[in-house]
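Protein chains: 2
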Amino acid sequence: MPDTLPLGSTIGIIGGGQLGRMLSVAASRLGFRCHIFEPGAEPPAGHVADKVTTAVYEDEAALRMFGESVDVITYEFENIPTAALDVLQDSAPIFPGREALRVSQDRLTEKTFLQGLGLKTAPFADVTDAASLAAAITDIGTPSILKTRRFGYDGKGQVRINAHSDAAQALTDIQAAPAILEGFVDFSDEVSVIAARGMDGAVAAFDPGENVHSDGILRTTTVPARLSPSQRSDAVLIAAKVLNALEYVGVLGVELFVTPHGLIVNEIAPRVHNSGHWTQNGCTVDQFEQHIRAVAGWPLGDGTRHADVVMENLIGDDMNRVPDLAKTTDTALHLYGKAENKPGRKMGHVNHIKRV
Amino acid sequence: MPDTLPLGSTIGIIGGGQLGRMLSVAASRLGFRCHIFEPGAEPPAGHVADKVTTAVYEDEAALRMFGESVDVITYEFENIPTAALDVLQDSAPIFPGREALRVSQDRLTEKTFLQGLGLKTAPFADVTDAASLAAAITDIGTPSILKTRRFGYDGKGQVRINAHSDAAQALTDIQAAPAILEGFVDFSDEVSVIAARGMDGAVAAFDPGENVHSDGILRTTTVPARLSPSQRSDAVLIAAKVLNALEYVGVLGVELFVTPHGLIVNEIAPRVHNSGHWTQNGCTVDQFEQHIRAVAGWPLGDGTRHADVVMENLIGDDMNRVPDLAKTTDTALHLYGKAENKPGRKMGHVNHIKRV
Numbered sequence: 022m023p024d025t026l027p028l029g030s031t032i033g034i035i036g037g038g039q040l041g042r043m044l045s046v047a048a049s050r051l052g053f054r055c056h057i058f059e060p061g062a063e064p065p066a067g068h069v070a071d072k073v074t075t076a077v078y079e080d081e082a083a084l085r086m087f088g089e090s091v092d093v094i095t096y097e098f099e100n101i102p103t104a105a106l107d108v109l110q111d112s113a114p115i116f117p118g119r120e121a122l123r124v125s126q127d128r129l130t131e132k133t134f135l136q137g138l139g140l141k142t143a144p145f146a147d148v149t150d151a152a153s154l155a156a157a158i159t160d161i162g163t164p165s166i167l168k169t170r171r172f173g174y175d176g177k178g179q180v181r182i183n184a185h186s187d188a189a190q191a192l193t194d195i196q197a198a199p200a201i202l203e204g205f206v207d208f209s210d211e212v213s214v215i216a217a218r219g220m221d222g223a224v225a226a227f228d229p230g231e232n233v234h235s236d237g238i239l240r241t242t243t244v245p246a247r248l249s250p251s252q253r254s255d256a257v258l259i260a261a262k263v264l265n266a267l268e269y270v271g272v273l274g275v276e277l278f279v280t281p282h283g284l285i286v287n288e289i290a291p292r293v294h295n296s297g298h299w300t301q302n303g304c305t306v307d308q309f310e311q312h313i314r315a316v317a318g319w320p321l322g323d324g325t326r327h328a329d330v331v332m333e334n335l336i337g338d339d340m341n342r343v344p345d346l347a348k349t350t351d352t353a354l355h356l357y358g359k360a361e362n363k364p365g366r367k368m369g370h371v372n373h374i375k376r377v
Numbered sequence: 022m023p024d025t026l027p028l029g030s031t032i033g034i035i036g037g038g039q040l041g042r043m044l045s046v047a048a049s050r051l052g053f054r055c056h057i058f059e060p061g062a063e064p065p066a067g068h069v070a071d072k073v074t075t076a077v078y079e080d081e082a083a084l085r086m087f088g089e090s091v092d093v094i095t096y097e098f099e100n101i102p103t104a105a106l107d108v109l110q111d112s113a114p115i116f117p118g119r120e121a122l123r124v125s126q127d128r129l130t131e132k133t134f135l136q137g138l139g140l141k142t143a144p145f146a147d148v149t150d151a152a153s154l155a156a157a158i159t160d161i162g163t164p165s166i167l168k169t170r171r172f173g174y175d176g177k178g179q180v181r182i183n184a185h186s187d188a189a190q191a192l193t194d195i196q197a198a199p200a201i202l203e204g205f206v207d208f209s210d211e212v213s214v215i216a217a218r219g220m221d222g223a224v225a226a227f228d229p230g231e232n233v234h235s236d237g238i239l240r241t242t243t244v245p246a247r248l249s250p251s252q253r254s255d256a257v258l259i260a261a262k263v264l265n266a267l268e269y270v271g272v273l274g275v276e277l278f279v280t281p282h283g284l285i286v287n288e289i290a291p292r293v294h295n296s297g298h299w300t301q302n303g304c305t306v307d308q309f310e311q312h313i314r315a316v317a318g319w320p321l322g323d324g325t326r327h328a329d330v331v332m333e334n335l336i337g338d339d340m341n342r343v344p345d346l347a348k349t350t351d352t353a354l355h356l357y358g359k360a361e362n363k364p365g366r367k368m369g370h371v372n373h374i375k376r377v
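Chains as they are written, first to last, in this note's numbering: chain A, 22 to 377; chain B, 22 to 377.
Calculated from the structure, these hints are not laboratory results.
Just so you know, these numbers come straight off a predicted model, no measurement behind them.
Idealized CB from N, CA, C, for every residue including glycine.
Where hints are given, some of them may not hold.
Sample of chain A residues facing chain B (criterion: CB under 8 Å; computed from the structure) [as the list claims (entries may be wrong)]:
# : residue
1 : Asn302
2 : Pro320
3 : His327
4 : Ala347
5 : Lys348
6 : Leu356
Using the sequences plus the hints, can you model the full thing?
Structure (structure tokens):
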């Protein structure tokens, strides 16, 4: 067992959104302080953090000062520029490690990595130009989706292709960025597994949750997911395989499609994950504390599910429902304190709890 | 129903210890920011607060700046000097209100108030000098306890009197401060009720907890308490009577002695209370969120108990047990991030959970 981070240490968190905010709160429960690095002004995580550095990822001096003020670095956000990581890693260890970031920052690398582990993914092809896109459409068929290899989230950087004739416009839409063409998967359900690996190599998974997306944004996660016992165990084994292959330290989200031919990995996220927010009211140790435990070298905690939960994101105008939700029993609100609301923006979530 | 505090508002919290820390975390869940006012350096609450003002209660300018930067003021600590409150109340409303502070800051006023409500207290007498102490000892008998009227906590400002001959030394020990002599109560158990009253006058109580003290410091609180149904309802009715009499807004702790002749009120605390920490892992809405809801004009939340809990304070060397506790299932750690540990200091607590 490696050394644990001494109580009172400071954890650096890259990214100051709601995930960083809830990580900081979890860290406080274990006696740690957090220092947030975030380019945007007034980050929600800053309301509950000991320190905030507001600087761009290109500001080497700021990165260095941040790195030197913390004892370990983690992140809420996987698209951290490589050059920034190069600067940071001189100052403090980064968990999850660089390999997890390298793999998950690029859809082509990620899918190739997953297939290399013997896991199933959607059919995909590398797209670099009009010719390779045309070949990919022929190979994979339509409908299919052109996705930029990097910097996509919440459905951004994605264009649907229904016919060869959509190809030129699609390339223009993604500004001819390096991409993959991904085939559609005929799935009955989307589920995700939130799993963790400690510095001692121990692995623990929360119960799989069943996800409903709309417009590319997660709307609800329900636990337990409607999975057979063998699907449930497959889901957890897939997550464990990924964690071990990456010698991962921290919490990882794995999104899966449920198909008649088994579970297909949609994508992995090397961080706490929106579909794991139900754990805040369904487990003694939630995904945020589990992540902090892992990156602090603590033993993983007790993530046994003790309640059925429906997690519902509060997006844009959903916030108008807060006064009613505040009056509802067995309902836990988690608001993010974001200054500005707009359509499609995640402003909070609510866990509807059913005691089991 | 009064206006609720708009999302994103700032709550001022007087006192930066562990109670302020956990209030600030709860406020963040509801989308509020907190600003801590605390005379001591490096307050634990500051690690999870948006702002911290470090200043003494005599610093009028600092109080005024603090008051003007917040939308509502609450506190983790009832012994706030009256002059400081006079300054603060010009800037923002203070909840719980001045009357709750006036009553609870002075043991004589508090006991007189409680008896005025028809509630039972230990026998007591006003002590101002040697003559009144002698009369009080004759009246109340021995053993009894001389307690300063103001600024006592965790057993401080208290001297036991076993005989008339102890009187002179006892007065010296309390530096001849205004005091009361309190008779011993022959009780079987100590319990407490953590109850809340909203701005709309609604009252809600958490299940009573059973407390074990040692050396004047709370060691454990166990829920459910061993109380008969009628004792349980008496306990809650006593809390409600106090809340309504004070037109209280916020969470109140009421400590009670269980005797063959009914429940006797030991003391009231106009704030979240150590004996309510079990609610963090036993209820959907814990005492901290309940307090924030009340002072923000929100409806009170669902405080139904969904688990049996033993809350155990981690005091001084108890912190050596943290590595083992971190490995234990159904165990939730809550550490306070205090820089310095010393004997008798509350460094954290742990909730041992038994699902029901």
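Hints versus structure:
no., hint, verdict
1, Asn302, "7 Å, holds"
2, Pro320, "5 Å, holds"
3, His327, "5 Å, holds"
4, Ala347, "5 Å, holds"
5, Lys348, "5 Å, holds"
6, Leu356, "3 Å, holds"
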